[in-house]
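Protein chains in written order, with the working numbering: chain A, 1 to 227; chain B, 228 to 424.
Keep in mind the hints are simulated off the structure, nothing from the lab.
Computed from a predicted model, the values in this text were never measured in an experiment.
Watch out, some of these pointers could steer you wrong.
In silico lysine to any residue, SDA-like type, Cα no more than 25 Å apart, as pairs [claimed, not checked]: (1) B/Lys289 - A/Ala85; (2) B/Lys417 - B/Glu362; (3) B/Lys289 - A/Ser96; (4) B/Lys417 - B/Gly365; (5) B/Lys289 - B/Trp337; (6) B/Lys289 - A/Trp74.
Here are the simulated distance ranges between beta carbons [said to hold, decoys possible]: (7) B/Ala271 - A/Val208: 21 to 31 Å; (8) A/Asp30 - B/Gly246: 43 to 53 Å; (9) A/Thr58 - B/Gly336: 39 to 49 Å; (10) A/Ala76 - B/Ile396: 39 to 49 Å; (11) A/Asp30 - B/Arg316: 13 to 23 Å; (12) B/Ala317 - A/Ala38: 17 to 27 Å; (13) A/Ala38 - B/Ser293: 21 to 31 Å; (14) B/Val273 - A/Leu97: 41 to 51 Å; (15) B/Val393 - A/Arg68: 27 to 37 Å; (16) B/Ile396 - A/Ala81: 29 to 39 Å.
Glycine included, every Cβ here is placed at the ideal spot set by N, Cα and C.
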Amino acid sequence: MEARAAVHPFADLNAYIDGALDPQSRERVDGHLASCAACRTRVAQLRATAGLIAGLPTPAPARSLIPRVSVPFWLAPIRAASVVASGLALIVFVISLGSGSATPTSGAAGPTLQRNDQSGAAASSQPVLAPAPSAAQASPGAAFSVGGSTTPNPAERTTVDTQTQKAAGPAGTTPTPASAQASTGPQARALHVPANLESSQSPVIWLVLAIAFGAIAIFTTWRLRAA
Amino acid sequence: MRNSSEEANGELLDRARRGDGRAFEDLARAVERPLYRHALRMLANVSDAEDVVQDSLLSAWKSLSSFEGASFRAWIFRIATNRALDRLRARKRRPELPLDPPDDDDEAGWAEPAAGGPELADLVGDREAVALVEEALGMLPPEQRAALLLRDLEGFAYEEIATITVAEIGTVKSRIHRGRLAVRNALVAKGWKGSAG
């Protein structure tokens, strides 16, 4: 026993305190401690030191340190719906643009008739402009030059001329813009105004909606990818 | 109760592995504060500790599919401890005690307490003692500090600490022994009396 007490298991004392010794080693240390006051003192002090460390205060972080990796369950369906809605709105916008260009034929006929009146014998050059409202809204000078440069074929001119006369039919064949408008009167104006309003407003609304839904789709996609 | 808690954690871990972000956040919430405490004691700097914890949790989420163990807690502490040790190595702002001091020098390393001082066991919660313990921990080599904190502050077993610090159990035992001895000696050097056994 004295020989055993002389060999102090100092290196094992902390493992002994922590319950980390194998059973045989633990039994050996137990036996030594029973007869060695110095080692018992060390065990007590080391145990107290461990207690001091364990008793250190636990400060809380000033902010959450948890990464946001979850996404709301409704985010993916919202994204899908936004993509579809944006696409549909864009399609309707394009269709609205197209129907807006086809609708106001009496309006296009007005300027065309004006140019027909002004050119007189050169009316054949004007009909080229009739199918295109943007060309019809161009300056008279440009219209004349375009008409002159794009009508090489008399046969075409004749054909287009016929088409123009047919298009101009409801508005009457008498040429002045004022008279054309006067001949059709308030009825034509009534037809004019709603068509103009409709063609100018509805495409914009659909474009705005397409952009809005597109922005929602982009945001939700970013949010899903960030997670 | 511990078994049901472990089962609940196991279920959360399975769901998180399958990509359930909320399950991962629940797991993270349970370890956030201990992880922060550990990082703060390792680094003694609030900003660094916050960075380490956030980076560790994010890294854990991204590599969760490759995690095959059963203890999420041990795994996240491993990530955080490694990051803290990397930061300390990069910092190198204070001279460190030598790593692996010679063996069997316990006789020379056991400081004798002064007579008349307060018992060590009575110092728990004492503000001055807390500051001394923190200072003493800060003077330890990083690996000893990590092992001692994982044992005494976080309650990990030696086998878990060996996994967390990627060391042999014998090395863990040695680090804890030396680290705890150093803290005890620092307290005794300041006038605290060790209690008799």
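Looking back at the hints listed earlier, which ones does the structure fail to meet? Structure breaks hints 1, 3, 5, 7, 9, 11, 12, 13, 14 and 16.
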